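All chains, please: the whole structure from these sequences, using the hints.
2 protein chains.
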Amino acid sequence: MTFKFRVIVMPRRDLLDPQGRAVASVLRDMGIKVGEVRIGKSVEVEVKANSEEEAMEIVKKMADEVLSNPIIEDYTVQEL
Amino acid sequence: MTFKFRVIVMPRRDLLDPQGRAVASVLRDMGIKVGEVRIGKSVEVEVKANSEEEAMEIVKKMADEVLSNPIIEDYTVQEL
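Protein chains in written order, with my numbering: chain W, 989 to 1068; chain B, 989 to 1068.
Any given hint might turn out to be false.
Note that the list lumps identical chains together, so a pair holds whenever it fits in one copy or between two copies.
[As the list claims (entries may be wrong)] Taking lysine to any residue and the SDA-like style, the derived pairs with C-alpha atoms no more than 25 Å apart in a straight line are:
(1) K1048 / P999
(2) K1036 / L1068
(3) K992 / Q1007
(4) K1049 / G1008
(5) K1021 / P999
(6) K1036 / V1014
(7) K1036 / I1060
(8) K992 / E1061
(9) K1029 / Y1063
(10) K1048 / D1017
(11) K1036 / I1059
(12) K1021 / N1057
In short, the hints are calculated from the structure, not lab data.
None of these values were measured; they are calculated from a predicted model.
Right, here's the structure in full:
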C-alpha cells in the first residue's frame, strides 16, 4: 500500500532564521503588518509499506536521517 | 489581534522537481521504498489584523505576491 505524508522541517525555535527575517522585512516595507516569519521546508513523500504504522515509522526514520538536521531543525509529520 | 498561519508553497504538479527527485534517489539507495517526493517551502507567519477574515486576505496577498511564484508554484494556507 502507498501512504502519503507531508514533513514540515523548520529551523529550531531557539535559532535565528535569517531567511525569515529578510522576508519579514520585505513584507513590512510593503506595508503588511507581520510579526515573526519563519521559513522551512515542506516535503511531500509517498511511502510504500504494509500498514499505516509501518509507513509512519519509515517517514520518521527518513525525516531524522535525511530530511532534517536535528541540531538546527525540528520536524512535524502530517498524513495526507 | 495576531493570527498565525502556515503557507505551504510547492512546485506545480505539472513541473519536474529536481530536488525532490534527488532526495527520492537518496532514499531508494538507503533501501527505503518511496514513490514520488516533492520539495517545497513552509512559511510560518504571524499577521496583525482586526479579524480572521482580514488576516486571511493579507496572507493570500503575501502568498501571491511575495512567498510564491505562481508560474511555477502552488500554495495552500493552514491556520495554526
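Evaluated hints:
1. K1048 / P999: Intra 17 Å, inter 23 Å, cutoff 25 Å: intra and inter.
2. K1036 / L1068: This pair counts as within: shortest intra-copy Cα distance 14 Å, inter-copy 29 Å.
3. K992 / Q1007: between (28 Å within a copy, 18 Å between copies)
4. K1049 / G1008: between (27 Å within a copy, 17 Å between copies)
5. K1021 / P999: Close inside one copy (22 Å), not across copies (27 Å); limit 25 Å.
6. K1036 / V1014: between (41 Å within a copy, 16 Å between copies)
7. K1036 / I1060: neither (29 Å within a copy, 28 Å between copies)
8. K992 / E1061: So K992 and E1061 pass the 25 Å test inside a copy (22 Å) and across (20 Å) alike.
9. K1029 / Y1063: both (9 Å within a copy, 13 Å between copies)
10. K1048 / D1017: Classified as between: cross-chain Cα gap 17 Å, same-chain 39 Å, threshold 25 Å.
11. K1036 / I1059: Neither. Shortest intra-copy (28 Å) and inter-copy (31 Å) distances fail the 25 Å Cα cut-off.
12. K1021 / N1057: Classified as between; 21 Å across copies, 31 Å inside a copy.
Checked against the numbered hints above, the structure violates hints 7, 11; every other hint is satisfied.
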